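There are 2 protein chains.
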Amino acid sequence: MKYESVNQAVEALRKLQQTQAAYNHAMGVLYLDATTAAPSDTWEGRGKTMEILSQVTYDLTVNPENGELLSYLEAHAEELDAQTKREVEVLRKGYDQMFKIPAEEYVAYSVLLNDAQAVWAKAKNEDDFASFTPYLEKIVAYNKKFAGYFNPDMAPYDALLNEYEEGMNTATLDAFFAQLREAIVPLIAKIQNVQQIDDSFLFHHYPAEVQRKFSDYLMEVMGIDRSHCGIAETEHPYTTNFNNKDVRITTHYHEDNLVSSMFSVIHEGGHALYELGADDKYNYTALSGGVSMGIHESQSRFYENIIGRSEAFVHAIFPKVKELFSEQLADVDETMFYRAINKAEPSLIRTEADELTYALHIMVRYEIEKQLIGGTLEVKDVPAEWKRLYKEYLGVEVPNDREGCLQDSHWSGGSIGYFPSYALGSAYGAQMLRKMEEDLGDVYADVAKGDLSKVTAWLVEHIHRHASFKKPGQLFEEVCGKFDAKFYTDYLTEKFSKLYNL
Amino acid sequence: MKYESVNQAVEALRKLQQTQAAYNHAMGVLYLDATTAAPSDTWEGRGKTMEILSQVTYDLTVNPENGELLSYLEAHAEELDAQTKREVEVLRKGYDQMFKIPAEEYVAYSVLLNDAQAVWAKAKNEDDFASFTPYLEKIVAYNKKFAGYFNPDMAPYDALLNEYEEGMNTATLDAFFAQLREAIVPLIAKIQNVQQIDDSFLFHHYPAEVQRKFSDYLMEVMGIDRSHCGIAETEHPYTTNFNNKDVRITTHYHEDNLVSSMFSVIHEGGHALYELGADDKYNYTALSGGVSMGIHESQSRFYENIIGRSEAFVHAIFPKVKELFSEQLADVDETMFYRAINKAEPSLIRTEADELTYALHIMVRYEIEKQLIGGTLEVKDVPAEWKRLYKEYLGVEVPNDREGCLQDSHWSGGSIGYFPSYALGSAYGAQMLRKMEEDLGDVYADVAKGDLSKVTAWLVEHIHRHASFKKPGQLFEEVCGKFDAKFYTDYLTEKFSKLYNL
Chain A
1 MKYESVNQAV
11 EALRKLQQTQ
21 AAYNHAMGVL
31 YLDATTAAPS
41 DTWEGRGKTM
51 EILSQVTYDL
61 TVNPENGELL
71 SYLEAHAEEL
81 DAQTKREVEV
91 LRKGYDQMFK
101 IPAEEYVAYS
111 VLLNDAQAVW
121 AKAKNEDDFA
131 SFTPYLEKIV
141 AYNKKFAGYF
151 NPDMAPYDAL
161 LNEYEEGMNT
171 ATLDAFFAQL
181 REAIVPLIAK
191 IQNVQQIDDS
201 FLFHHYPAEV
211 QRKFSDYLME
221 VMGIDRSHCG
231 IAETEHPYTT
241 NFNNKDVRIT
251 THYHEDNLVS
261 SMFSVIHEGG
271 HALYELGADD
281 KYNYTALSGG
291 VSMGIHESQS
301 RFYENIIGRS
311 EAFVHAIFPK
321 VKELFSEQLA
331 DVDETMFYRA
341 INKAEPSLIR
351 TEADELTYAL
361 HIMVRYEIEK
371 QLIGGTLEVK
381 DVPAEWKRLY
391 KEYLGVEVPN
401 DREGCLQDSH
411 WSGGSIGYFP
421 SYALGSAYGA
431 QMLRKMEEDL
441 GDVYADVAKG
451 DLSKVTAWLV
461 EHIHRHASFK
471 KPGQLFEEVC
481 GKFDAKFYTD
491 YLTEKFSKLY
501 NL
Chain B
1 MKYESVNQAV
11 EALRKLQQTQ
21 AAYNHAMGVL
31 YLDATTAAPS
41 DTWEGRGKTM
51 EILSQVTYDL
61 TVNPENGELL
71 SYLEAHAEEL
81 DAQTKREVEV
91 LRKGYDQMFK
101 IPAEEYVAYS
111 VLLNDAQAVW
121 AKAKNEDDFA
131 SFTPYLEKIV
141 AYNKKFAGYF
151 NPDMAPYDAL
161 LNEYEEGMNT
171 ATLDAFFAQL
181 REAIVPLIAK
191 IQNVQQIDDS
201 FLFHHYPAEV
211 QRKFSDYLME
221 VMGIDRSHCG
231 IAETEHPYTT
241 NFNNKDVRIT
251 THYHEDNLVS
261 SMFSVIHEGG
271 HALYELGADD
281 KYNYTALSGG
291 VSMGIHESQS
301 RFYENIIGRS
311 EAFVHAIFPK
321 VKELFSEQLA
331 DVDETMFYRA
341 INKAEPSLIR
351 TEADELTYAL
361 HIMVRYEIEK
371 QLIGGTLEVK
381 DVPAEWKRLY
391 KEYLGVEVPN
401 DREGCLQDSH
411 WSGGSIGYFP
421 SYALGSAYGA
431 QMLRKMEEDL
441 GDVYADVAKG
451 DLSKVTAWLV
461 EHIHRHASFK
471 KPGQLFEEVC
481 GKFDAKFYTD
491 YLTEKFSKLY
501 NL
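So the protein sequences, as listed, match chains A and B. Heads up: the first sequence runs through residues 1 to 502, numbered per our numbering. Heads up: the second sequence runs through residues 1 to 502, numbered per our numbering.
Extracted from the complex, chain A is given alone in its bound form:
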């Protein structure tokens, strides 16, 4: 097909993106339903539907007409506005990648992931890694294969990392993680030699019903518009967005733990604010949504830790916390609460790890992924390697796989190469905080009053509104200058030295 004018081609491009957005919306809702409301034994029919819709999505993207359309627009790049030019660039990347995956593999992989989701949930529940093994083996095999399709010149794991954070590779991450370890490990050692913090009151009985009210309150303090953002309950918390006016977060209530859901809500709320803050003009285009996992995690972990675990934020919310949980926290004051939610202690569960030891959990996953994709570790040996690394990095014994290598949903969801984004995001966030303070002065003064509006406005202006218009590296550097992990290690050192009087 030939295009008669650039306008006609741009029109076709817009229509294509709107159609893709519609399928993404439909498949996103199917996934949301699967994880929130669907009865347990309904995966078969959903699998069939996903198989058919995945095939349609694939055909919609990978077809000669689209190839021609993109080529035509690339040949007329100088006549396109900046947004359209970037849309073409993003679509080209997706097209080339998809084009390299044979349709039947793409569809089979989608079906595999649908099945794996259910198998993993059951395996975790029953502490039965063996039942999940064949699924993870296939997922690893597909990811290796896809890595070769995406970037045959890169080492496979680098190619996968590049999917989540453009330009990232193991050389950079090895250095980054080494730098973190150098700062964190001595800090942890010092902390273990001083008086430990009592956080036992966080593990009294906290009824889910009251925690639900607490979630609503936290979302309100964060300034999340509930007419555009819902909250649901899932095994593993996540955020999904259908457009910048329809975002959903999920959490999981543990009745013996006040902070698990509390920080899930703030973390996912950070993701949600990023999506809600995108400019309307990117809706229903390839530029909608956050630009990379690293930038996304910078936002979620900014709210979770830099804001949510600050003295200022605790000061703002503590009266409400006491009101909701007056019995459980009868003898607890604001300082005790602040110290308890920041207690640094090597532990088993990543999502419940403290801010300081968190990166070590990521390093375990990073090392295992590197080996799985590198071919030096077999899936059946993951539990043993997991246990070995937790012992080495965190000094803890992993008693079972439910609290070990089955704890996260990422691998069953096909995400290999995603985990490092969490650590990167934390480091990005610390550097953003310094820049924000240069621009706004003492941001914590407002936070202490429960007013996050200036913080969020700054992030909307510099990060959120751009959605995927700028590449992640460019976006970050334009705002913060060159990435330097030192901002993060300095932040951690200062915070935890003060907290523990080191």
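No farther apart than 20 Å at their CA atoms in a straight line, the calculated lysine to aspartate or glutamate pairs in the EDC-like style are these:
#1 A:Lys122 <-> B:Asp225
#2 B:Lys15 <-> A:Glu51
#3 A:Lys281 <-> A:Glu461
What the simulated footprint calls covered on chain A by chain B, stretch by stretch (three residues with Cβ under 8 Å from a Cβ of chain B suffice, anywhere in the stretch; the number is not a length):
#4 11-22
#5 28-34
Facing chain A, according to a computed beta carbon distance under 8 Å, are these residues of chain B, among others:
#6 Gln18
#7 Ala22
#8 Ala26
#9 Val29
#10 Leu32
#11 Asp33
#12 Thr36
#13 Ala37
#14 Thr42
#15 Lys48
#16 Leu53
#17 Arg226
#18 Cys229
#19 Gly230
Because the hints were derived from the structure by calculation, they are not lab data. What you are looking at is a predicted structure, and each value in this text was computed from that prediction instead of being measured. A virtual CB, placed ideally from N, CA and C, is assigned to each residue, including glycine.
Given the coordinates of chain A, work out where chain B should sit on it, guided by the hints.
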């Protein structure tokens, strides 16, 4: 396209139906999300998605290739098995109907319904019929137009009735409703002259949290497999099914009313059992799901009234009812409870009407629809006509539109001609009961023990498993013989005469 063999064409037919099923699933989940979990102000993006998917669904059904496929199979009908033959018949009906609706009208109508859903919910909430008027006007106009497309030889309202119950028309319904009125109105008059039943205890405070547990219990007694059937909360209760292994019911909890949700759950549970009982072989075909609205309502109202409002059922569940609501029902015994849930009294809200006056609520809607589609009533005059008819049929004053003509979601959902199915379904159900008793003897003996298995097994055998394989009239007559409303009026007369000692 030419087919080389019947097998090849049958294969194409199966693939077509599987694809249609996938889109129906996706759009069904979008609707489920919209009504259960979606934040309030998210309709715009969902509308865009529905618009695109509706267009795809339309194109998928209405295209020359499908026309050829159906013609080819019709020409080879003698070589097809019975199921395939019926699939062709059902698809042909849909094809011919869709073919008559221009694509742009079909899509515009889907978008209109998406918007109307949100507008109606708000209008009902704010008792503001005027804001809903332009939407209902358009829905009525579309339905008139579609009626002409479907069956230009029929009166428009007959054509619409025929959509929900093949073969139904106003002549039959006028006679049916007259027969009902003849039996019901004198009964109501007699009841109003005797001692009224005290049902005030049903309207104490019943916390939603405990009602949720009660719903779980009721579904358990009904033998609904929760691994294949979920329950959610919506403004207006409904049932949706994606296949026979994935069915969802919804309810609405009113904390000042124990029975509203109780009978919604049993009613929707009846719909769910019908869907869950379908034979696997009809999944992902045009024969999946219940065959008509009348037969569907026969199942829902069978469980709701014939079982759920029986002395035997009350006997079975009363210990649990007392356990859950011990304070509210401290002074209430089984007989008082049975009488209270059967109290016959003209009232405002259809879904909360008793078994006896229910049909009068339907008659009001039937008369209004007949006039709206017949062109003798304008939408703006619906509230006044509603009030007039409620006064005439039920003798009650309608104080506002929220509790009047805005109470049901059917019209905002585009369903005009559906309401009569409720009354027909009740009558079908009464006739099924007699047949069931002929086959099984005293079915209520088991029900009194909380054992509905024989009742459900009978319905699965005679009704559920057939899904849409048989036409509704044929299905009913093969099991019950010729339809006769007298079974229903006899059932009502006997039950309410005994209840009120008339």
